[in-house]
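Asks: These protein sequence lines map, in sequence, to chains A and B.
Its first residue numbered 1, the first sequence is counted upward by one per residue in the numbering used here.
Its first residue numbered 1001, the second sequence is counted upward by one per residue in the numbering used here.
One or more hints might be untrue.
[Claimed, not checked] Listed next, the in silico SDA-like pairs over lysine to any residue satisfying Cα-Cα at most 20 Å (straight line):
#1 B:K1101 / A:P58
#2 A:K699 / A:F440
#3 A:K136 / B:S1408
#4 A:K192 / B:P1405
#5 B:K1101 / A:L638
#6 B:K1407 / B:L1397
To be clear, the hints were calculated from the coordinates, so they are not data collected in a lab.
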Amino acid sequence: MRAGGSTESMPYGEDKSGRKASFDPEKVLGQLKEFLPAQAPLKDFIHHNTLHAFQDLPFEQAVTEASRIFGYRTYLHLQEYRALYQQGRITHAILERAILERAGEQPLADWLEKLLDKPYHVYNHPRIGALRVYWKKNYQLNLDAHVHPTLFRILSAYLDQGVASSSFPASQEGLLASLRAMERGSLTSFFKTQRARRLLLDTSCGLEGLLELVVGDPSLFEHYLFDQQFAHPGWSGMVAHIEAHPQSLTVLRSISLQELIIFELLLEIDALDFRLGEDWKPLGAEIKTKPEYLFADLQGREIDLVLAIWQTAFEWSYYDQVLSGISGQNPKVEKQGQSSAQYVFCLDDRSGSLRRYIEQLDPLCETFGTPGFFGVEFFFEPSPQSPYQKQCPALVDPGYLIKATGEATRTTAGVYFPGRADSLLRGWLISQTIGFWAAFRLFLNIVIPSFGLVSTSLFGRKQRDSRLTVEYDPSYPTEGGLQVGFKPAEMAERVENLLRGIDLTDGFAPIVYIVGHGASSVNNPHYAAYDCGACSGRPGGINARVFARMANHPQVRQLLRAKGIDIPDGTWFVGAQHDTTRDDMSFFDTGLLPAAFLKKHRKQKETIREALDRNAKERSRRFELIDTGLDIRKVHQLVRARSVSLFEPRPELNHATNAVCIVGSRQLSKNLFLDRRSFLNSYNPAHDPKGVLLGEVMKAAVPVCGGINLEYYFSRMDNDRLGAGSKLPHNIVGLFAVANGIEGDLRTGLPSQMVELHDPVRLLMIVEQSPEVVMKVIDQTPQLQQWLFNGWVHLVAVHPQTRALARLTGRRFTDYLPLGGPPDRIGDMDRLLESRHENIPVHLLPS
Amino acid sequence: MAGTLILFILLPFLGFAVSLVIPHNRERLISLVALGTIGVHLLAAALLTTAWLGAGAATLHQSGTTLSTQGLDGLGLCLIFDKITAVYLLTGALLTILIVKYSRYYLHREPGYKRFFRTVLLFFLGYNIIIFSGNYEVLFIGWEVLGISSFLLIAFYRNRLLPVRNALKVFSIYRLADVGILLAMWMSHHLWHGAVPFDRITSLPQTQLPTPEPVVVFISMMILLAAAAKSAQLPFSFWLPRAMEGPTPSTAIFYGSLSVHIGVFLLMRTWPFWQGQLLVRILIGATGLLTSLVTTLIARVQPTVKGQIAYASVSQIGLIFVEVAAGFENAALIHFMGNAFLRTYQLLVSPSVVSFLVANQPGPNFTRRPAFATQLPTRFGMTLYMLAIQEFNLDALLNKCLWVPLKSIGRSLGFFSARLLALFFIPVYLGGVYLAHHQQLVHIRVRPVLALAFAIVALGMTARAFAKQRDIKLGWVLLVMAHFWIALSASFNENFSFAQVYLYLSGVVLSGGIGLLCLNQLGKTRRHIGLSRFHGYIETHPGTAAIFFLSCLGLAGFPITPTFIGEDLMFSHIHQDQPVLAFLVSAEFVLSGLALVRIYARLFLGPDTGGQNELTYGSS
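Bound-form chain A, shown alone:
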């Protein structure tokens, strides 16, 4: 397969399985970095495809290989699929269709028997680890137990971002240089024996030399390194990430995966010398049969196909409902009179239900969806001298800086926090005084959670009161290569792009709300995963605020008029932020607006408040511990309390259950109840016959939504290895990651509390455009091809006029006819919401 090298066969230097006799360090390190988890430090948590290294393969082949090589679980258990079928959540018609699409020669009945009844004894021996297991088998030595504690301890101390009060004496030249300096400059050693220490101090010791010593046989080096690093994928992945993105740490540390490996090999030598003396034989000399090469070709197994069919049937059982709902929507849009207000939301799946309620309460308003950085990309400095925060998608590299001024005070670090009470005398004083006060505060929070204790509400009054340097001023010096603020022409360009993208170029309402979102929670190390993915895991309110300031700028409006977008003088943009945990909304800079306008704003705020209450009620049905049937205000209070309760590991459920992304006009889904499972991106095919705008939309939406979706998919499928496990025992390591207890490997992916309700289905992109245009867009956008052609994200095109459906399979579109009938219409919304915790099928909204 591809990771092992090339498709051309090489006559020499490779054995039958594809294992190479020689060792190319560069190449193996490169491969390792690709396969290791690519997770950023906690403060920048960004969703991505967990199996990104396999993305060049078709999805089903990729997940099978990942499972056979690395031991990941990439599908549900067979019994789980069968149970879903029994419950009717996988429909028989869809299952038959899924079989027929794949079955080949065999009759349907055979396959049905296999899927429904045949017992399979799946005992997966992953290839990873098969070489290093010989330390235990042949040397009776559990090397990991000796090496990992020291290795993790030193790595975490070296990379620590501010937990320890005495920092590591790190050298600019990297980990090994620091260790050498320490070994030379002290009376003790990290090693128990002499040889490893000598090898470290002797700078000529390289990767290959050490491997020669430990493994011996060069044809096994690659396998050994994979085994070794995948015994602690969390740490290796973090080191590889920091090597590639040193700026992701605030306290800079130079480190590379190679350094980690060298140090680990030295620790292994140390452990071996300590146990066996210096004359042990390398591992390669002690094994008779080499384990199977990691990337050798795999034999196909029937069970893999069976699981793939089940998964397809599971996915399309849901997609079919959505598609049949959408194809029944009237394509003709009746333009109403002037809108009362317009709302631009993030395309986030959590905004969908709020949009629905606002539209319901105020039928004259319009809502839009777009990636939540609103097309303005910049770094943000929340207070003087604090680190910059990136406020745009991870792939964008902004050249602008926006600073908050007028709010210089910083919350003083509470003495309650660890790190402030660790010195002997201070600890003595604190424990005798504040210890009692701490107990009191704790008591209050546990009895009355709304007593705010350590809220991470990132956008309270503090942000509202600050001033931003939105507009460029020639007197500002550039900072760190970044221009402070935007020039009017730059602003106009960004405003224009956004408005054209969502097709809001005329018919402006008096108020246009730009609504970013963020989430407030306490006691939540994964807080960044709850914020806006399009803002690199940060709250998007600041972008909304900046965008509104730009769109209200007289000079910008003038420039826009010249480009054919005439925003009337009576229209004002207001930046706002939706707190998705609390269902509260805050508005920015309303003081800068004319008084007459504020009256309209106040009226609109009433609608919003009501909509937020209803939204909270709808969300509450997922929380087993809240009775959704209570008074709506009470339910909202209970929902709010979750965001400040120390003991609440599920302040909100975030993107759990996401399944669909709809790119098109609001008309497509306005009358559908999608149960908050869908991303919504506004797009008008009528004004984009060539697909230019569509290309832009898909370039952003596919990786962002697909990344979120696949991270949930894999964290749910294998929470032990691809997810972070339960968050209850997590321990914060160096402020950049979590581990279990104090000796565990770093945990990547999402904790079980975030994904337990998630139905693991891939994302279905539904694009309102003719298949021809969509295909043209994909052909012209190489970065979309892997996602779509390899089936990591499904795609269906809805014809703008006929509502005919076409589904992308491989590289072609084929017609799709929904098997299910039109969805039921909701009679009583409250009854429906109060009836269950689980997913609700697609419904038509009450007329």
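Take the given structure of chain A and dock chain B to it, following the hints.
Replies: This is chain B only, laid out in the frame that chain A set:
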């Protein structure tokens, strides 16, 4: 008023018993039972304390009847209540109720919800037995309950490797503490010719303390050993952070606050006994002070939040040791409360630390506070830093000095094969039994020698079982047989009723037999039941696991089992001038408990290798 003391133990016991029968899926009911139990307990504690204060705050004392009918003074149940108990009681009940309230939501939907609350109740029971205990016997019962509940809570995530391994590690330290208590108890018996209530030690004027002094010093050292192990003082400090594997609230209550202060309690409880011994006081103070200094250094370099809290807490406990040794009881009590509250709070908010510190992080131009490495002469500072990062190699040190020698003794006894057992040891044993019944055949001077020899055989068998990797059944049989040899040894040491031996051995036979049945049952369906790795069979054989666990407890002499009473009786027959025998017997008890829990852990806990989780996920 004194008559109510027993209620404070019965109440948590009742709560625990009720929690056993609630179905797993009744989350609300389970947590309500826990909340109710501890709520009522807290209320009663407040009432009792008020009444006690109103009545002049004199020490309350409740004596129970002697359990054993053999006319022995060994097992007098005796409870007391004084200032120390009051402080521990109120702090404990308050923190536990906070934790239970917290965990009701925090553990929502977690597999093991019931197990968690059940174990917390068991812990609370053990805690109360300890703080109300009026003599070593009662204290030891609570001590054991606390040890087992600790093991269960650390290994709460029982299908992962590190929690189980660390639970075993902590349990082994706790067993060391048990040696201290056992020997202190044994020696005290001889000192006072029977179980002496703690408050009688209090009322004894110093001059009346029986001499000779070395005995007092010996008992005090054993107390210090037990207290230092339980309160994570040097050289045992490394266990505390490693115990932090369970859900954060259980970590907070056990290792942040209550459990870890039990060593301090033991010192305060026995203070009247050793206060007159300057040497002892200096040693205790020095242990505390040294711990404070060393663990402060370690705390300052910890890059993980829980590790930092653990070591910071230990360093404060070191200071409390100093305060106790200096005689500042009130200061120590206040310090205990403050430290317990603070660390609970810190652990519970520890996940917030990321958002909090990151939001307040200095900008890119900020230079960090230098390491203490640079504040001191470089070479010295650097050495200290490196030692601190390596936690002064305490774990490796203890391993090297204690467990490795024990295991190598065990390995060197490889000749304990099944055949040797059948052909040699059983005949010899039968001969021994015959002689025991006809002691007139043995010269009076030879009897103690035989007793010693038999005890050595028992210890050898246990050590062998401890080191045994392969044949698990043989290991089990060895552990059962060891008890028989102990009994034999005791019967040569002193003339006493065989009824006691039968009581002791009945417990051994029962638990040993049931355990063997479990192993047989397991062997039928599972081919691998060796001890070289963890098997995690609890997932597939939960019933067998539960029964086997009970039989392990029975064989290990867990309180209230016949084995426990028997062991205690055996101990009372070791004479004051036989420290070697006492040491051998207590070492056997401790080692066998350790071996048993290890067998249980290896078989039933850890990653389930047979099922879907094929990849042993070593590092989490």
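Asks: Each hint: holds or not?
Replies: Hint check:
1. With a C-alpha separation of about 49 Å, the suggested pair K1101 (chain B) and P58 (chain A) falls outside the 20 Å cut-off, and the hint is violated.
2. With a CA separation close to 52 Å, the supplied pair K699 (chain A) and F440 (chain A) exceeds the 20 Å bound.
3. Using a Cα cut-off of 20 Å, the hinted pair K136 (chain A) and S1408 (chain B) holds, with the two alpha carbons roughly 19 Å apart.
4. With a C-alpha separation of about 19 Å, the suggested pair K192 (chain A) and P1405 (chain B) falls inside the 20 Å cut-off, and the hint holds.
5. Of the pairs offered as hints, the one joining K1101 (chain B) and L638 (chain A) holds, with about 17 Å between alpha carbons and a cut-off of 20 Å not exceeded.
6. Distance check on the hinted pair: K1407 (chain B) and L1397 (chain B) sit about 15 Å apart at the alpha-carbon level, within 20 Å; holds.
When each numbered hint is compared with the structure, violations occur for hints 1, 2.
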